[in-house]
Amino acid sequence: MSSDMSRVTNVLLAIAATFIVIAGLKAASSFVVPVILSLFVSIILGPLYFFLANLKVPKTDKTIPDWLAMILVVVLMSGLFFLIGRLVGNSVEQFSAKLPEYEVMLRAKLAGAMAWLEGLGFNIPEASLAERFSPSTVMSLSASVLNGLGGMLSNLFLIVLTSIFLLMEASVFGEKMQRAFPNAESKAHLGLSEVIEKIKRYATIKSIVSLLTGALISIWLVILDVEYPFLWGLVAFMFNFVPNIGSIIAAVPAVIMAWLTQDSITTPLLVAAGYLTVNFVVGNIVEPKFMGKGLGLSTLVVFLSLLFWGWVLGPVGMLLSVPLTIIVKIILDSNKETQWIGIMLGDK
1 MSSDMSRVTN VLLAIAATFI VIAGLKAASS FVVPVILSLF VSIILGPLYF FLANLKVPKT
61 DKTIPDWLAM ILVVVLMSGL FFLIGRLVGN SVEQFSAKLP EYEVMLRAKL AGAMAWLEGL
121 GFNIPEASLA ERFSPSTVMS LSASVLNGLG GMLSNLFLIV LTSIFLLMEA SVFGEKMQRA
181 FPNAESKAHL GLSEVIEKIK RYATIKSIVS LLTGALISIW LVILDVEYPF LWGLVAFMFN
241 FVPNIGSIIA AVPAVIMAWL TQDSITTPLL VAAGYLTVNF VVGNIVEPKF MGKGLGLSTL
301 VVFLSLLFWG WVLGPVGMLL SVPLTIIVKI ILDSNKETQW IGIMLGDK
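Residue numbers (full-length UniProt numbering): 1 to 348.
These are calculated hints, taken from the structure and not from any lab test. Quantities reported herein were computed from a predicted structural model and do not represent experimental measurements. From the three backbone atoms N, C-alpha and C, an ideal C-beta is built for every residue, glycine too. Be aware that one or more of the hints could be misleading.
Taking lysine-lysine and the DSS-like style, the derived pairs with C-alpha atoms no more than 30 Å apart in a straight line are [stated by the list, open to error]:
| # | residue 1 | residue 2 |
| --- | --- | --- |
| 1 | Lys109 | Lys98 |
| 2 | Lys198 | Lys336 |
| 3 | Lys336 | Lys289 |
| 4 | Lys336 | Lys200 |
| 5 | Lys289 | Lys200 |
| 6 | Lys198 | Lys26 |
| 7 | Lys200 | Lys62 |
| 8 | Lys198 | Lys56 |
| 9 | Lys200 | Lys26 |
| 10 | Lys289 | Lys198 |
| 11 | Lys200 | Lys56 |
Derived DEER-like restraints, expressed as beta-carbon distance ranges [stated by the list, open to error]:
| # | residue 1 | residue 2 | range |
| --- | --- | --- | --- |
| 12 | Trp311 | Lys98 | 28 to 34 Å |
| 13 | Met344 | Ala113 | 43 to 49 Å |
| 14 | Phe303 | Ala273 | 24 to 30 Å |
| 15 | Phe280 | Val160 | 32 to 38 Å |
Can you make the complete structure from the sequences, with help from the hints?
Okay, structure coming up:
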(Lines of atoms letter the chains of each structure in order from A and count residues from 1; the text may use other names and numbers.)
(Lines give C-alpha, C1' and ligand atoms only; values in the text may rest on other atoms or scores of the structure.)
Protein backbone atom coordinates (compact mmCIF):
# COMPACT_ATOMS: atom_id res chain seq x y z
CA MET A 1 0.00 0.00 0.00
CA SER A 2 2.80 2.38 0.93
CA SER A 3 4.62 1.69 -2.34
CA ASP A 4 1.46 2.53 -4.33
CA MET A 5 1.03 5.77 -2.38
CA SER A 6 4.68 6.63 -2.99
CA ARG A 7 4.26 6.04 -6.71
CA VAL A 8 1.14 8.23 -6.83
CA THR A 9 2.97 10.95 -4.89
CA ASN A 10 5.89 10.85 -7.34
CA VAL A 11 3.53 11.13 -10.30
CA LEU A 12 1.73 14.11 -8.76
CA LEU A 13 5.05 15.79 -7.96
CA ALA A 14 6.24 15.23 -11.55
CA ILE A 15 3.01 16.75 -12.93
CA ALA A 16 3.28 19.74 -10.58
CA ALA A 17 6.94 20.27 -11.52
CA THR A 18 6.05 20.10 -15.22
CA PHE A 19 3.39 22.80 -14.85
CA ILE A 20 5.82 24.99 -12.88
CA VAL A 21 8.47 24.64 -15.62
CA ILE A 22 5.91 25.46 -18.34
CA ALA A 23 4.73 28.56 -16.44
CA GLY A 24 8.35 29.65 -16.00
CA LEU A 25 9.10 29.19 -19.72
CA LYS A 26 6.05 31.24 -20.67
CA ALA A 27 6.89 34.03 -18.23
CA ALA A 28 10.51 34.19 -19.40
CA SER A 29 9.81 33.63 -23.12
CA SER A 30 11.59 36.85 -24.14
CA PHE A 31 14.78 35.45 -22.59
CA VAL A 32 14.24 31.76 -23.40
CA VAL A 33 13.59 32.18 -27.15
CA PRO A 34 17.04 33.66 -28.03
CA VAL A 35 18.70 31.01 -25.84
CA ILE A 36 16.83 28.19 -27.63
CA LEU A 37 17.74 29.65 -31.03
CA SER A 38 21.37 29.94 -29.91
CA LEU A 39 21.30 26.34 -28.73
CA PHE A 40 20.05 25.16 -32.12
CA VAL A 41 22.68 27.23 -33.92
CA SER A 42 25.47 25.85 -31.71
CA ILE A 43 24.22 22.26 -32.22
CA ILE A 44 24.24 22.76 -36.00
CA LEU A 45 27.68 24.43 -36.06
CA GLY A 46 29.18 22.11 -33.42
CA PRO A 47 30.38 19.44 -35.90
CA LEU A 48 32.08 22.10 -38.04
CA TYR A 49 33.80 23.58 -34.99
CA PHE A 50 35.09 20.22 -33.74
CA PHE A 51 36.17 19.27 -37.29
CA LEU A 52 38.24 22.44 -37.58
CA ALA A 53 39.61 22.05 -34.03
CA ASN A 54 40.84 18.52 -34.85
CA LEU A 55 42.16 19.43 -38.30
CA LYS A 56 45.92 19.03 -38.54
CA VAL A 57 48.14 21.70 -40.06
CA PRO A 58 49.85 20.40 -43.25
CA LYS A 59 53.40 19.03 -42.76
CA THR A 60 52.99 19.09 -38.96
CA ASP A 61 51.39 16.93 -36.29
CA LYS A 62 49.76 19.92 -34.62
CA THR A 63 46.05 20.69 -34.83
CA ILE A 64 44.50 24.09 -35.45
CA PRO A 65 44.22 26.04 -32.16
CA ASP A 66 40.75 26.15 -30.62
CA TRP A 67 40.67 29.95 -30.80
CA LEU A 68 41.39 29.90 -34.55
CA ALA A 69 38.69 27.27 -35.16
CA MET A 70 36.26 29.40 -33.18
CA ILE A 71 37.15 32.51 -35.20
CA LEU A 72 36.58 30.64 -38.48
CA VAL A 73 33.18 29.39 -37.30
CA VAL A 74 32.19 32.85 -36.02
CA VAL A 75 33.20 34.50 -39.32
CA LEU A 76 31.19 31.94 -41.28
CA MET A 77 28.16 32.22 -38.99
CA SER A 78 28.26 36.02 -38.88
CA GLY A 79 28.62 36.28 -42.66
CA LEU A 80 25.69 33.92 -43.23
CA PHE A 81 23.45 35.73 -40.73
CA PHE A 82 24.47 39.13 -42.10
CA LEU A 83 23.55 38.04 -45.63
CA ILE A 84 20.20 36.65 -44.50
CA GLY A 85 19.53 39.75 -42.40
CA ARG A 86 20.24 42.10 -45.31
CA LEU A 87 18.11 40.15 -47.79
CA VAL A 88 15.18 39.63 -45.43
CA GLY A 89 15.44 43.09 -43.86
CA ASN A 90 15.27 44.80 -47.25
CA SER A 91 12.36 42.57 -48.30
CA VAL A 92 10.39 43.31 -45.13
CA GLU A 93 11.03 47.06 -45.50
CA GLN A 94 9.96 47.07 -49.17
CA PHE A 95 6.90 44.93 -48.44
CA SER A 96 5.79 47.25 -45.63
CA ALA A 97 6.26 50.30 -47.86
CA LYS A 98 4.19 48.77 -50.67
CA LEU A 99 1.48 47.41 -48.36
CA PRO A 100 -1.25 49.95 -49.41
CA GLU A 101 -0.49 49.18 -53.05
CA TYR A 102 -0.84 45.44 -52.48
CA GLU A 103 -4.14 46.02 -50.65
CA VAL A 104 -5.54 47.86 -53.67
CA MET A 105 -4.31 45.10 -55.97
CA LEU A 106 -5.91 42.44 -53.76
CA ARG A 107 -9.25 44.25 -53.82
CA ALA A 108 -9.10 44.44 -57.62
CA LYS A 109 -8.20 40.75 -57.92
CA LEU A 110 -11.04 39.77 -55.59
CA ALA A 111 -13.49 41.89 -57.58
CA GLY A 112 -12.36 40.18 -60.77
CA ALA A 113 -12.69 36.75 -59.17
CA MET A 114 -16.21 37.57 -57.97
CA ALA A 115 -17.20 38.77 -61.45
CA TRP A 116 -15.84 35.53 -62.93
CA LEU A 117 -17.81 33.42 -60.43
CA GLU A 118 -20.99 35.41 -61.11
CA GLY A 119 -20.46 34.74 -64.81
CA LEU A 120 -20.51 31.03 -63.99
CA GLY A 121 -23.84 31.43 -62.21
CA PHE A 122 -22.68 31.78 -58.59
CA ASN A 123 -24.36 34.62 -56.69
CA ILE A 124 -22.01 35.94 -53.97
CA PRO A 125 -23.17 39.00 -51.98
CA GLU A 126 -20.33 41.53 -51.98
CA ALA A 127 -21.17 42.85 -48.50
CA SER A 128 -21.09 39.35 -47.03
CA LEU A 129 -17.71 38.66 -48.59
CA ALA A 130 -16.32 41.98 -47.33
CA GLU A 131 -17.40 41.11 -43.80
CA ARG A 132 -15.74 37.70 -43.86
CA PHE A 133 -12.67 38.48 -45.92
CA SER A 134 -11.13 41.91 -45.56
CA PRO A 135 -8.04 42.65 -47.71
CA SER A 136 -6.81 45.18 -45.15
CA THR A 137 -6.95 42.49 -42.44
CA VAL A 138 -5.01 40.03 -44.62
CA MET A 139 -2.31 42.56 -45.46
CA SER A 140 -2.04 43.83 -41.88
CA LEU A 141 -1.63 40.25 -40.67
CA SER A 142 1.09 39.65 -43.27
CA ALA A 143 2.88 42.83 -42.22
CA SER A 144 2.73 41.91 -38.52
CA VAL A 145 4.14 38.44 -39.21
CA LEU A 146 6.98 39.84 -41.31
CA ASN A 147 7.71 42.55 -38.74
CA GLY A 148 7.88 39.82 -36.09
CA LEU A 149 10.36 38.00 -38.30
CA GLY A 150 12.40 41.17 -38.62
CA GLY A 151 12.30 41.59 -34.83
CA MET A 152 13.66 38.08 -34.38
CA LEU A 153 16.48 38.83 -36.82
CA SER A 154 17.30 41.96 -34.81
CA ASN A 155 18.47 39.65 -32.00
CA LEU A 156 21.13 38.14 -34.26
CA PHE A 157 24.01 39.67 -32.30
CA LEU A 158 22.75 38.15 -29.05
CA ILE A 159 22.16 34.78 -30.75
CA VAL A 160 25.63 34.73 -32.31
CA LEU A 161 27.30 35.75 -29.04
CA THR A 162 25.43 33.12 -27.02
CA SER A 163 26.24 30.47 -29.64
CA ILE A 164 29.95 31.27 -29.32
CA PHE A 165 29.89 30.72 -25.56
CA LEU A 166 27.87 27.51 -25.98
CA LEU A 167 30.42 26.14 -28.45
CA MET A 168 33.29 27.06 -26.14
CA GLU A 169 31.50 25.33 -23.25
CA ALA A 170 30.77 22.22 -25.34
CA SER A 171 34.48 21.59 -25.92
CA VAL A 172 35.13 21.12 -22.18
CA PHE A 173 31.68 19.92 -21.04
CA GLY A 174 32.55 16.21 -21.12
CA GLU A 175 35.71 16.70 -19.07
CA LYS A 176 33.85 18.84 -16.52
CA MET A 177 31.14 16.18 -16.16
CA GLN A 178 33.74 13.49 -15.42
CA ARG A 179 35.45 15.69 -12.85
CA ALA A 180 32.16 16.73 -11.24
CA PHE A 181 30.81 13.15 -11.02
CA PRO A 182 33.85 10.86 -10.86
CA ASN A 183 31.92 8.05 -9.17
CA ALA A 184 28.93 8.12 -11.53
CA GLU A 185 28.09 4.96 -13.43
CA SER A 186 29.52 4.72 -16.92
CA LYS A 187 26.07 3.72 -18.20
CA ALA A 188 24.67 7.10 -17.20
CA HIS A 189 27.47 8.89 -19.09
CA LEU A 190 26.92 6.69 -22.14
CA GLY A 191 23.16 7.28 -21.99
CA LEU A 192 23.59 11.06 -21.77
CA SER A 193 26.11 11.02 -24.63
CA GLU A 194 23.74 8.96 -26.75
CA VAL A 195 20.84 11.36 -26.13
CA ILE A 196 23.01 14.38 -26.97
CA GLU A 197 24.27 12.65 -30.12
CA LYS A 198 20.72 11.87 -31.30
CA ILE A 199 19.65 15.48 -30.70
CA LYS A 200 22.70 16.78 -32.58
CA ARG A 201 22.08 14.42 -35.48
CA TYR A 202 18.39 15.33 -35.75
CA ALA A 203 19.00 19.10 -35.52
CA THR A 204 21.84 18.98 -38.07
CA ILE A 205 20.02 16.85 -40.66
CA LYS A 206 16.73 18.74 -40.27
CA SER A 207 18.48 22.09 -40.66
CA ILE A 208 20.38 20.97 -43.77
CA VAL A 209 17.20 19.57 -45.33
CA SER A 210 15.28 22.76 -44.50
CA LEU A 211 18.11 24.88 -45.95
CA LEU A 212 17.94 22.80 -49.14
CA THR A 213 14.16 23.35 -49.27
CA GLY A 214 14.50 27.12 -48.83
CA ALA A 215 17.28 27.36 -51.45
CA LEU A 216 15.29 25.39 -54.06
CA ILE A 217 12.16 27.48 -53.42
CA SER A 218 14.13 30.73 -53.74
CA ILE A 219 15.71 29.60 -57.03
CA TRP A 220 12.31 28.56 -58.41
CA LEU A 221 10.74 31.91 -57.45
CA VAL A 222 13.66 33.81 -59.02
CA ILE A 223 13.09 31.88 -62.26
CA LEU A 224 9.37 32.75 -62.16
CA ASP A 225 10.18 36.41 -61.34
CA VAL A 226 8.10 36.45 -58.13
CA GLU A 227 8.78 39.40 -55.81
CA TYR A 228 10.81 38.82 -52.61
CA PRO A 229 12.04 35.29 -53.52
CA PHE A 230 14.62 35.16 -50.72
CA LEU A 231 12.03 36.17 -48.12
CA TRP A 232 9.69 33.38 -49.21
CA GLY A 233 12.67 30.99 -49.30
CA LEU A 234 13.44 31.87 -45.68
CA VAL A 235 9.78 31.32 -44.78
CA ALA A 236 9.94 27.90 -46.50
CA PHE A 237 13.14 27.09 -44.56
CA MET A 238 11.55 27.97 -41.23
CA PHE A 239 8.21 26.26 -41.82
CA ASN A 240 9.93 23.10 -43.06
CA PHE A 241 10.51 22.33 -39.38
CA VAL A 242 6.72 21.91 -39.10
CA PRO A 243 5.75 18.75 -41.04
CA ASN A 244 2.48 18.18 -42.89
CA ILE A 245 0.99 21.68 -42.57
CA GLY A 246 4.20 23.74 -42.60
CA SER A 247 4.75 23.48 -46.36
CA ILE A 248 1.14 24.55 -47.02
CA ILE A 249 1.45 27.60 -44.75
CA ALA A 250 4.78 28.58 -46.36
CA ALA A 251 3.33 28.35 -49.89
CA VAL A 252 0.33 30.63 -49.28
CA PRO A 253 2.10 34.06 -49.24
CA ALA A 254 4.24 33.26 -52.29
CA VAL A 255 1.22 32.06 -54.30
CA ILE A 256 -0.80 35.16 -53.30
CA MET A 257 2.13 37.43 -54.25
CA ALA A 258 2.43 35.73 -57.66
CA TRP A 259 -1.33 36.08 -58.13
CA LEU A 260 -1.24 39.79 -57.28
CA THR A 261 1.79 40.80 -59.35
CA GLN A 262 1.37 38.59 -62.43
CA ASP A 263 -1.29 39.02 -65.12
CA SER A 264 -1.44 35.33 -65.98
CA ILE A 265 -2.85 32.62 -63.72
CA THR A 266 -0.06 30.33 -64.95
CA THR A 267 2.59 31.81 -62.64
CA PRO A 268 0.76 31.20 -59.32
CA LEU A 269 -0.06 27.67 -60.50
CA LEU A 270 3.62 27.08 -61.31
CA VAL A 271 4.59 28.51 -57.89
CA ALA A 272 2.20 26.08 -56.17
CA ALA A 273 3.47 23.19 -58.31
CA GLY A 274 7.06 24.07 -57.38
CA TYR A 275 6.25 24.04 -53.66
CA LEU A 276 4.47 20.68 -54.01
CA THR A 277 7.36 19.14 -55.96
CA VAL A 278 10.12 20.39 -53.66
CA ASN A 279 8.31 19.41 -50.47
CA PHE A 280 7.35 15.99 -51.87
CA VAL A 281 10.89 15.14 -53.00
CA VAL A 282 12.64 16.55 -49.93
CA GLY A 283 10.03 15.40 -47.37
CA ASN A 284 9.37 11.92 -48.72
CA ILE A 285 12.66 10.91 -50.34
CA VAL A 286 15.64 12.93 -49.12
CA GLU A 287 14.75 13.47 -45.45
CA PRO A 288 13.62 9.89 -44.56
CA LYS A 289 16.79 8.49 -46.13
CA PHE A 290 19.06 10.42 -43.75
CA MET A 291 16.78 10.91 -40.74
CA GLY A 292 16.04 7.24 -40.19
CA LYS A 293 13.13 5.68 -38.35
CA GLY A 294 11.91 6.28 -34.83
CA LEU A 295 11.95 10.08 -34.89
CA GLY A 296 8.49 10.63 -36.35
CA LEU A 297 5.56 12.17 -34.52
CA SER A 298 1.88 11.43 -34.98
CA THR A 299 -0.16 14.03 -36.84
CA LEU A 300 -2.19 14.78 -33.70
CA VAL A 301 0.97 15.36 -31.65
CA VAL A 302 2.35 17.66 -34.37
CA PHE A 303 -0.79 19.79 -34.29
CA LEU A 304 -0.98 19.87 -30.48
CA SER A 305 2.73 20.68 -30.16
CA LEU A 306 2.20 23.56 -32.61
CA LEU A 307 -0.51 25.00 -30.37
CA PHE A 308 1.34 24.29 -27.12
CA TRP A 309 4.77 25.71 -28.01
CA GLY A 310 3.13 28.64 -29.80
CA TRP A 311 1.26 29.45 -26.59
CA VAL A 312 4.39 29.10 -24.45
CA LEU A 313 7.03 30.78 -26.64
CA GLY A 314 5.06 32.71 -29.27
CA PRO A 315 5.65 32.57 -33.07
CA VAL A 316 9.20 31.20 -32.70
CA GLY A 317 7.78 28.43 -30.50
CA MET A 318 5.41 27.46 -33.33
CA LEU A 319 8.31 27.19 -35.77
CA LEU A 320 10.41 25.16 -33.33
CA SER A 321 7.47 23.15 -31.96
CA VAL A 322 8.33 19.89 -33.73
CA PRO A 323 12.11 20.01 -33.06
CA LEU A 324 11.44 20.76 -29.38
CA THR A 325 8.91 17.89 -29.18
CA ILE A 326 11.35 15.56 -30.97
CA ILE A 327 14.00 16.43 -28.36
CA VAL A 328 11.50 15.67 -25.58
CA LYS A 329 10.69 12.35 -27.30
CA ILE A 330 14.39 11.42 -27.57
CA ILE A 331 14.85 12.09 -23.85
CA LEU A 332 11.73 10.07 -22.98
CA ASP A 333 12.84 7.16 -25.20
CA SER A 334 16.18 6.97 -23.40
CA ASN A 335 14.54 6.10 -20.05
CA LYS A 336 12.71 2.78 -19.58
CA GLU A 337 10.21 4.33 -17.16
CA THR A 338 9.17 7.04 -19.62
CA GLN A 339 9.68 5.08 -22.85
CA TRP A 340 5.96 4.40 -23.15
CA ILE A 341 5.28 8.17 -23.37
CA GLY A 342 7.76 8.43 -26.24
CA ILE A 343 6.01 5.57 -28.02
CA MET A 344 2.64 7.30 -27.62
CA LEU A 345 4.07 10.51 -29.09
CA GLY A 346 5.47 8.69 -32.13
CA ASP A 347 3.90 7.70 -35.41
CA LYS A 348 3.11 4.11 -36.44
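Looking at the structure, which of the earlier hints fail to hold?
Violated hints: none at all, because every hint is consistent with the structure.
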